[in-house]
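A.B. asks: Sequence:
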Amino acid sequence: MTTPLLFDDTLTHVAEARLGVLLAAQRLGTLTPSEKTEITRTMRALTGRSGPPRLIVMVGLPGSGKTTLARELEAHGFLRLSPDEQVWREHGHYGRDFPRGQYKIRERPILGNVATDLRTALAAGRDVVMDHGFWTAEERQEWRQIGEEAGAAVTLVYLPATHEELWERIKERNQQTFDDPNAMYFSEDDLRRHGDRFEPPGADEPHVIYAGSLVPVLADTA
1 MTTPLLFDDT LTHVAEARLG VLLAAQRLGT LTPSEKTEIT RTMRALTGRS GPPRLIVMVG
61 LPGSGKTTLA RELEAHGFLR LSPDEQVWRE HGHYGRDFPR GQYKIRERPI LGNVATDLRT
121 ALAAGRDVVM DHGFWTAEER QEWRQIGEEA GAAVTLVYLP ATHEELWERI KERNQQTFDD
181 PNAMYFSEDD LRRHGDRFEP PGADEPHVIY AGSLVPVLAD TA
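Residue numbers (the numbering used here): 1 to 222.
Hints listed in this document are in silico derivations from the structure and should not be mistaken for laboratory results. Treat each hint with caution, since some may be false.
[What the hints assert, rightly or not] If you anchor each label on the Cβ, the simulated ranges turn out as follows: (1) 199 - 112: 19 to 25 Å; (2) 33 - 72: 17 to 23 Å; (3) 141 - 28: 35 to 41 Å.
Just so it is clear, CB atoms sit at the ideal spot from N, CA and C, and this is done for glycine as well.
Using the sequences and the accompanying hints, generate a full structural model.
C.D. replies: Now the structure itself:
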């Protein structure tokens, strides 16, 4: 286990100033890969945290707030990996640039590429959040295993919501469907079908329930 760095006041001030510069660059989208890793390492040093990299695996239906939470974690130094955004970059809009029924076919090789990126990031010591739904226990076990084999501490974070809450958010999000890769168009019938296929994590899958605060999420991965 790596021994955490001990900072005096001067070093702490320097590290905090550097972190501020890095986070500003992150907001502008100008970070280099090495600077992204530096964010994680600097945050670990400032908090005195050592140990393995962290992997957070999201669990939730469309509209549950996964991307919003993942972006908050990104601001805390996590690398955010989004298969949906990669599908958008490579294939365009779901339902406009390719038929709706082909999504899983086009997503499959991208998930393989994302898994490779995940292994690489964890091997470099990066904390990672998977911005994806992981609707079934089988999927979650597959990605948990990837993380554990890479030496990461893995946490499932479940974002529960009622059908009514999800549908209200999706109706609003549908207005941005042609401009946002995280706003795929869904009808209410689509949502019902997805809900029928969704498997909430049970007692046999240790998980954190997200209720609006990052504290339990970060505490579980500390």
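A.B. asks: Work down the list of hints and note, for each, if the structure agrees.
C.D. replies: Each hint tested on the structure:
Separated by about 22 Å at the C-beta atoms, residue 199 and residue 112 satisfy the suggested range of 19 to 25 Å. Between residue 33 and residue 72 the Cβ separation comes to about 21 Å, which falls inside the hinted range of 17 to 23 Å. Restraint check, residue 141 to residue 28: a C-beta distance of roughly 38 Å satisfies the suggested window 35 to 41 Å.
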